[in-house]
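Colleague: Position chain Z relative to chain Y; hints supplied.
Okay, here's what each chain looks like letter by letter:
There are 2 protein chains.
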Amino acid sequence: NTTKISWRNWFLSVSLSWLGLAVVGVIIGSIAGCLNIITAWLASIRTGRCVGNFYLTKAFCCWGSNEETCSHWEPWFQFPPANYFMFISISLLLSFTASLLVKVYAPKAAGSGISEIKCIVSGFAIKGFLGWPTLIIKSLCLPLAIGSGLSLGKEGPSVHYAVCVGNCIAKLMGNYRNRASKGREFITAAAAAGVAVAFGSPMGGVVYSLEEISAVVHLSTIWKSYFCALVAVTTLAALNPFRTGQLVMFEVTFDTNWQYFEVPLFIILGIFGGIYGILIPKYNIAVVSFRKNYLTNFALREVIYLTLLTASFCYFNEFLRLDMTESMQILFRECTVNFHHHGLCDPNSNKVRFIVSLLFATLARCGLTIITYGCKVPAGIFVPSMAAGATFGRAVGILFELFYQKYPSLFVSCNKDEKCVIPGTYAFLGAAAALSGITDLTVTVVVIMFELTGAVRYIIPTMIVVAVTRAIMDSWGDKGIAEQMIILNGMPLLDAKEDFHFGDLYVSAAMSTVVSVIPQDQFTLGQLNSLLTKTNYTVFPIIKSIDDQSIVGIIDREDIKYFLNHHHHNETSSTKCNFISGNPNGLELNLAPYVNHAPIVVLAFTTMSYTTDLFVKIGPSYILVEEEGKLVGILSRKDILRFEYSFHDHTPNHHKTNAAL
Amino acid sequence: NTTKISWRNWFLSVSLSWLGLAVVGVIIGSIAGCLNIITAWLASIRTGRCVGNFYLTKAFCCWGSNEETCSHWEPWFQFPPANYFMFISISLLLSFTASLLVKVYAPKAAGSGISEIKCIVSGFAIKGFLGWPTLIIKSLCLPLAIGSGLSLGKEGPSVHYAVCVGNCIAKLMGNYRNRASKGREFITAAAAAGVAVAFGSPMGGVVYSLEEISAVVHLSTIWKSYFCALVAVTTLAALNPFRTGQLVMFEVTFDTNWQYFEVPLFIILGIFGGIYGILIPKYNIAVVSFRKNYLTNFALREVIYLTLLTASFCYFNEFLRLDMTESMQILFRECTVNFHHHGLCDPNSNKVRFIVSLLFATLARCGLTIITYGCKVPAGIFVPSMAAGATFGRAVGILFELFYQKYPSLFVSCNKDEKCVIPGTYAFLGAAAALSGITDLTVTVVVIMFELTGAVRYIIPTMIVVAVTRAIMDSWGDKGIAEQMIILNGMPLLDAKEDFHFGDLYVSAAMSTVVSVIPQDQFTLGQLNSLLTKTNYTVFPIIKSIDDQSIVGIIDREDIKYFLNHHHHNETSSTKCNFISGNPNGLELNLAPYVNHAPIVVLAFTTMSYTTDLFVKIGPSYILVEEEGKLVGILSRKDILRFEYSFHDHTPNHHKTNAAL
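Chains Y and Z, in that order, are what the protein sequence lines are.
Reminder that position 40 of the first sequence reads as 40 in our numbering, one-by-one numbering, no gaps.
Reminder that position 640 of the second sequence reads as 640 in our numbering, one-by-one numbering, no gaps.
Next up, chain Y with everything else stripped away, as it sits in the complex (with noise of 0.2 Å):
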């Protein structure tokens, strides 16, 4: 009968868990949807208005037609300039009410939130950043943040809603609530789901989610993963935002191969990749750190101050104007007789003009996403690096074609009744390029490049591409972006990406030497009381006695208050407290059900790469150091972080030794 009950709570729980991820996929499948519809209206309306049709964007208004001589859609006024002021005016609209409500409701909302997610995986709290306030207001203000035309895309905040979702999912069902490790697993499979409605490709989620998002990678999560993004990519697909049945914007096919006399151009992407990747961190992070010191009283302005360089400056470069997607799907195509927009493929039109006014908007995003990153609305990285890398790739695939064009006899392995140099094909790798530079992720990326655009013929174009940015980021480049912010905000991660390297020193060199133990059976509650008020320690070893000090446990602080908070006071201070498990006479205070009973414990001889490693894959908040059978020290992930710095600040350069090896 008892194995029947528990079977039947086992089924259930399987079940529930099984469920709540199916709802999750839903909900986050949904609100992508609405966000993609919101955001292509709101981008839309700043530019005109759809006659009788006030809610659709440019795109539904001229369904069917061309849409440079659509009659169904008109600008708000005859007269340009006020045109150029409704721009404007309308930006700034939307962009000070994201900014207005990040501020009263959800603070936590601003920004991009990934850096905050990997650290709360790796089991570090961070009080309210995955609550409902916090889910609202930021679905809420992205599509204004978007629509605005501020230099920032939707994914980084669409992890974060994401996991609020499985957050607040997990937390509304009860057997999750006292179980982290498996909330976190909730938190990855979000996480995944997330990425995957953003880019609209879920296994690229997917393998996010284990790249970049776990600190470890526990086989289950991936499939929990796989199932939560395709149940969000479905939801996506069921709801077709896009009316094109497609998941995302610029689904393009390139039905050319690509030859090897382009590998050193593939290069040049790479390269390219790797120095936005190095450039753009390092100077956003200054920005950032600047914002700490002196602007943060003045979010609302600098976010209006921003929309307003943003907006009235982009309006006069034609790549730069478009929403960011909608110009990469022009930059990504291949110009073929069903496709002949904004002249690119005209091939009487000026190429010049085009490479220049390129190279133009890639500089001009690249400085104005250095400056918007890390503002105070909802703010992700990745799509503004795509669209800087597609830009600056179109530049460089149409300038090849012009030299092709002019020596085509140096190119005898190109068919001549084909096309050979297809500049869309570059536009789409320089977005790789610079993708895989600013997050320092490679798999992902070429996953997320070949869901986008389906161009199985390029995968192998795209993988050199990444790896030559990956090889750059490696030897000159500090991490990714999202790791700097960690670091920059002073969160305590240990990358599992990175080796460590403390040469042959032992556990000891790093250690803080024990001075707050607790004898098991020795202790009264004045003394327990004492070492509350006068250390500051979040935990405490429990030992056998001052004599014999071998290990018994460990106990937490908030434990041990909630134990006294929670009892019934009729002790004097000299009562004894009991932290040993068995059954104290009822003169004493059991302790015991709060101590941790197996905390790790390392020999003093143990090397600082084997506990690091430890603490990165088996995720400890503590370690406990023991020397002939006594405790001799107590390790924390701050200790082997401020360890490390102390250490490689004598050392030669650090970065390139772990990253390389």
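Keep in mind that the hints were calculated from the coordinates and are not lab data.
Treat the hints with care, since some could be wrong.
Which bits of chain Y does chain Z cover? Going by a derived footprint, with three or more residues having C-beta under 8 Å, they are [said to hold, decoys possible]: (1) 47 to 54; (2) 267 to 280; (3) 386 to 399.
Computed far set for chain Y versus chain Z, every beta-carbon distance over 12 Å [what the hints assert, rightly or not]: (4) C70; (5) Y84; (6) L230; (7) Y283; (8) L309; (9) I330; (10) N348; (11) T524; (12) K534; (13) D548; (14) Q549; (15) F643.
The beta-carbon is built from N, C-alpha and C at its ideal position, and this holds for glycine as well.
Modeller: For chain Z alone, kept in the frame of chain Y given last:
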């Protein structure tokens, strides 16, 4: 100056490591290219020869003309039964050569090798499994075995020879010789390259090495796998074995979109995959056990009978006679004006005949795979599984097409001008389902199928099919066939994919009590010798003294033996042995350098789940257990597996619990 030297050393070792990976990639790519060419030729000559160019396969011989009517390709004889005889004779010759070579020169080259590689990566050593003889024999015999028409694939063996290459190159480079974890990284990267070249799917290879091979994913391994797979695939692409500029034989692009009414069929295909994944391993394991018990001495004869059966039987079914990749190529294709092979696309052909023929091929393929996989030639199970899935899927697709043609009015969402049901996509999805069922992988299967075909619009259907298969495997099935082989062969692998469920039991329940310990400085040579002869433990814990059993370290039996063999024997049996760091006086034997002073230690109240986690994620061979500062036990992987076995014999279905949670 020291800094300069250490810098140079560092630079050399890093360059060497990347150079090594590049060399591994190039070798793997080259072997794969040769394999592809030889295999295609061997499979081809069974049916005839190319007049004038004996060394050409049928495809190259008839390049540019229709294969059916090509005049350069002639059957061996004009008399059909003689051709049948020739077909069988050549098959027999090929498989006999393969099994003879394997038997004489490298018995370890038989079979797939994936199970063993999983164990090796998780820290278990198998002598000779990754050496030069295995590499050479496996590469030589693989095309022979596949060419003979036996129902086996090249994917598993590709991973094996790739890993051999990785291991041999790593051994040639001195700096990996003594660093097991770095060596394993090389092996993982080589495995990724092996899958990449076998399927022509670089990202699939990387994800495979993540999902299947690595016990624990260290993220720097991902980048190495990526690099190695890229180099290998680029080499293969440069060799261009199929002369199509493509990496795989069956690249297909589906131009149409899937419809929601197809979802029930996707679920049916998923269920097929689940059933396949449950039944085939079950029966195959039975056959393998039978083979182990009764056929060990008849390996050659067994292979001959298998070939005889396969060849004589398959000759009469159009889908079985062809090489499996070739037949998949046909089954995956959409029927267009350019493609009308086999009458499959002929609207006037008898569809019912095809359905019967396909279902028969499915059943026959399953049966042949069950009896063939595990015989003593290099043999993989991925491709036969995909072939079985593809024939089944195509049958379902044709059935559905017939239904659609009969009742077109039921499908209102179909555009009358376009094709609505494409049987080729079902073949593709069926192959994905069977592959997922046999391997118990999800992400890898989707990425590989995606890369094989570039079917970006079919990614959601593929994910649905694989998810259904996986859910069925989780609920009713056992693990993937590689894991089942590991269990059958009694290899000590703690699968990282599993959540081991031990309830709340403590480590003390599973540990072995320590009987043989060595006090750090009170042991004599005589005692040591007698310890070695009287016990057969592979490690001995070192304690402070018999009276104070606090843990000092652990020492390997092999290391003690090495020390004793390489030491001048001018000591008597009463000479003291010292195991503690420091400078003992010249009268003592100093074994301190052989002692591992940092064994993993857990307290007796640590839970079993947590301890298992340590084994899986950190990878030690042994864990010591202490209580109150004293050594009380020792635990190995085998202890855990034995304990799990006895524990779950008395509790409800273990696999369901761990898989579904």
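Colleague: What hint numbers does the structure not satisfy?
Modeller: 1, 2, 3, 6, 13 and 14
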